[in-house]
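Starting from the structure of chain A, add chain B where the hints point.
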Amino acid sequence: MPRVAETLERVFREEHGRIIATLIRLSHSFDIAEEALQEAFLSAAATWERDGMPRNPGAWLTTVAYRRLLDAIRHEKIKTDKRSQLEYEAERLQAQEEFAQSDDTLADPDDRLRLIFTCCHPALGREAQVALTLRTLGGLTTAEIARAFLLPEPTLAQRLVRAKSKIRLARIPYEVPPLESMAERLVAVQAVIYVIFKESYSATAGDSLVRNDLSTEAIRLGRVLCELLPEPENFGLLALMLLQDSHRETRMNEHGELATLEEQDRSRWDRTEIEEGIRLIETSLPLGRVGNYQIQAAIAAVHAEARTAGETDWPQIVALYKELIRINSSPIVSLNHAAAVAMSEGLEKGLGLIEEVGANRKLHDYYLFHAARADLLRRLNRSQEAIEAYTRALSLTTNCVEHRYLRRRISEVANKQKDYGAGSMRGASV
Amino acid sequence: MKYILLIYHNEKTWNAISDSDRQQIYGEYRKLRDQLRDSGQYVDGSQLQPTTTATSVRVRDADELVIDGPFAETHEQLGGYFLIDARNLDDAIAIAKRIPSARMGTVEVRPLVE
Chain A
1 MPRVAETLER VFREEHGRII ATLIRLSHSF DIAEEALQEA FLSAAATWER DGMPRNPGAW
61 LTTVAYRRLL DAIRHEKIKT DKRSQLEYEA ERLQAQEEFA QSDDTLADPD DRLRLIFTCC
121 HPALGREAQV ALTLRTLGGL TTAEIARAFL LPEPTLAQRL VRAKSKIRLA RIPYEVPPLE
181 SMAERLVAVQ AVIYVIFKES YSATAGDSLV RNDLSTEAIR LGRVLCELLP EPENFGLLAL
241 MLLQDSHRET RMNEHGELAT LEEQDRSRWD RTEIEEGIRL IETSLPLGRV GNYQIQAAIA
301 AVHAEARTAG ETDWPQIVAL YKELIRINSS PIVSLNHAAA VAMSEGLEKG LGLIEEVGAN
361 RKLHDYYLFH AARADLLRRL NRSQEAIEAY TRALSLTTNC VEHRYLRRRI SEVANKQKDY
421 GAGSMRGASV
Chain B
1 MKYILLIYHN EKTWNAISDS DRQQIYGEYR KLRDQLRDSG QYVDGSQLQP TTTATSVRVR
61 DADELVIDGP FAETHEQLGG YFLIDARNLD DAIAIAKRIP SARMGTVEVR PLVE
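Quick mapping for you: the protein sequence lines, in order, are chains A and B. Residue 335 in this note's numbering sits at position 335 of the first sequence, and the numbers go up by one each step. Residue 3 in this note's numbering sits at position 3 of the second sequence, and the numbers go up by one each step.
This is chain A alone, in the form it adopts within the complex:
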């Protein structure tokens, strides 16, 4: 019966974060919670096949997982606390009564927030934060996460074990952070979600399928975050991901080369995602707490609103980058600002700004710096310098989609150079 299997998979993805978040709060253990939920899913697979689907699959799973959890805690307590069976049974009955009275006491809406802030705790490394968030909140399997990040499964499994053991041994609290540290902690959560999203972008051709799952998952996590904490920057992050994702299908051309915004077939951009992204940013910006993600989303929205590359409102984009520099001055933002200036106020002026950005050498090994510089040199017909800059960019990226793009540019510029040089000969040679 494929329906049960399909429903189970859907429910698994949708309910995993919600259920496990509660189980972790009740058991104080990621491992016990995971095992209980795993058993509940196995039991669902067997029971639903036999008796048909329950009316509310999510509630069914929660109940079964909760029972498994109580059993596991009992075993654990007898083992470690040496408490009497009787004492525990009393507690268990009371807990079950409470549970029976109301589903609400079991599923605290804050549980998923507790979970996301714990997974993204600054005392865990970024890689561990990402893996743990995808595993628990996202409900992805270890194998799925390993595949998406092109890592051997044991490496990923080890990463998860370490993270969980640090949470347990160092006693990272399972709490929503207090107001005074909320802003700082939220930055880490947003960063984790965005890292997951961006990882889907560094796809090589063969892996794009698996990696598209990552962008879908990041967007889903972004939605959960907005639902739990309707903060302007959370809307900004979701909007940014939706707007970038809207040109997922056109980012690569039919030759497997990177296609720039200018070259992409805009009729194939996902209008639904664009409309939602623009709506989100139009809601969040007037709230007056403008941040990094909102401005980046606003920039993406300006690109999305232009029906052709030529209609892009570059002065608007320059203004937005200026605002971005004001709140987050980084050489990468200055580089993007320079590229926008080149498009709106003249190539020479843009190139001058790029050289200024490059002067402090922080971007010396950053492939996009050399690619952006090469692009302006190409437009200015300074072919030899353009080829050198493209070649430098080529040496700094391992991504084959980007490689193919840069090689195409180099040969385009080289051909043009040849044509110019051999201009007078052309008629004769044909």
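Accuracy of the hints is not assured; some may be wrong.
[Claimed, not checked] Among chain A residues calculated to face chain B with C-beta under 10 Å, some are:
| no. | residue |
| --- | --- |
| 1 | 50 |
| 2 | 53 |
| 3 | 54 |
| 4 | 55 |
| 5 | 57 |
| 6 | 121 |
| 7 | 126 |
| 8 | 165 |
| 9 | 169 |
| 10 | 172 |
| 11 | 177 |
| 12 | 178 |
| 13 | 179 |
| 14 | 181 |
| 15 | 262 |
If you're looking for bench data, these hints aren't it; they were derived computationally from the structure. Backbone N, C-alpha and C define an ideal beta-carbon position, used for all residues, glycine too.
Chain B alone, transformed into the frame defined by chain A:
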């Protein structure tokens, strides 16, 4: 005069030894502690959880950095220690941030074995 004796060892080697060997070593530690206690020389001591549970805290102007992992700067040396009782890691980190040296150096937060 008080002295802190910092015990360095190879975690990999320690993890690889057999349970009975480990118990024997723990026994020797307990014996030493009892001897020092008897002679009035013992103040406090504990085994630490492994470095994988470590968190490093640094405060630079307004930036408070919390980093996964132990302190690994070879140009700075251990200059003191606090033994604190905190509810959880967040409370311990909050205290670590208040240590003046967190503004110049780094404070490593390591849970003790309980």
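We went through each hint and held it up to the structure:
1. Checking residue 50 (chain A) against chain B by beta carbon gives a least distance of about 44 Å; that is not within 10 Å, so the hint is violated.
2. Violation of the interface hint for residue 53 (chain A) is found here, the shortest Cβ-Cβ separation to chain B being roughly 41 Å, above the 10 Å cut-off.
3. A least Cβ separation of about 38 Å between residue 54 (chain A) and chain B goes past the 10 Å threshold, and the interface hint is therefore violated.
4. Interface hint status for residue 55 (chain A): violated, as the beta-carbon distance to the closest one in chain B is roughly 40 Å, over 10 Å.
5. Below 10 Å, beta-carbon pairs count as interface contacts, and residue 57 (chain A) has none with chain B, the closest being about 35 Å; its hint is therefore violated.
6. The interface hint given for residue 121 (chain A) is met, as the beta carbon of that residue sits about 8 Å from the closest beta carbon of chain B, less than 10 Å.
7. Annotation: residue 126 (chain A) was flagged as interfacial toward chain B, and the flag holds, the nearest CB pair being 8 Å apart, inside 10 Å.
8. The restraint placing residue 165 (chain A) at the interface with chain B holds, with a minimum CB-CB distance near 7 Å, inside the 10 Å limit.
9. Residue-level restraint check for residue 169 (chain A) holds (minimum Cβ-Cβ distance to chain B is 4 Å; threshold 10 Å).
10. Taking 10 Å as the C-beta contact cut-off toward chain B, the hint placing residue 172 (chain A) at the interface holds, the least distance being around 5 Å.
11. Satisfaction of the interface hint for residue 177 (chain A) is found here, the shortest Cβ-Cβ separation to chain B being roughly 8 Å, below the 10 Å cut-off.
12. Checking residue 178 (chain A) against chain B: minimum C-beta separation of about 9 Å stays under 10 Å; hint holds.
13. At about 14 Å, the closest approach between the beta carbon of residue 179 (chain A) and any beta carbon in chain B exceeds 10 Å, and the interface hint on this residue is violated.
14. Taken as an interface hint, residue 181 (chain A) checks out: its beta carbon lies about 8 Å from the nearest beta carbon of chain B, inside 10 Å.
15. Interface restraint check: residue 262 (chain A) against chain B, minimum CB-CB distance 38 Å, threshold 10 Å, status violated.
Of the numbered hints listed earlier, those contradicted by the structure are 1, 2, 3, 4, 5, 13 and 15.
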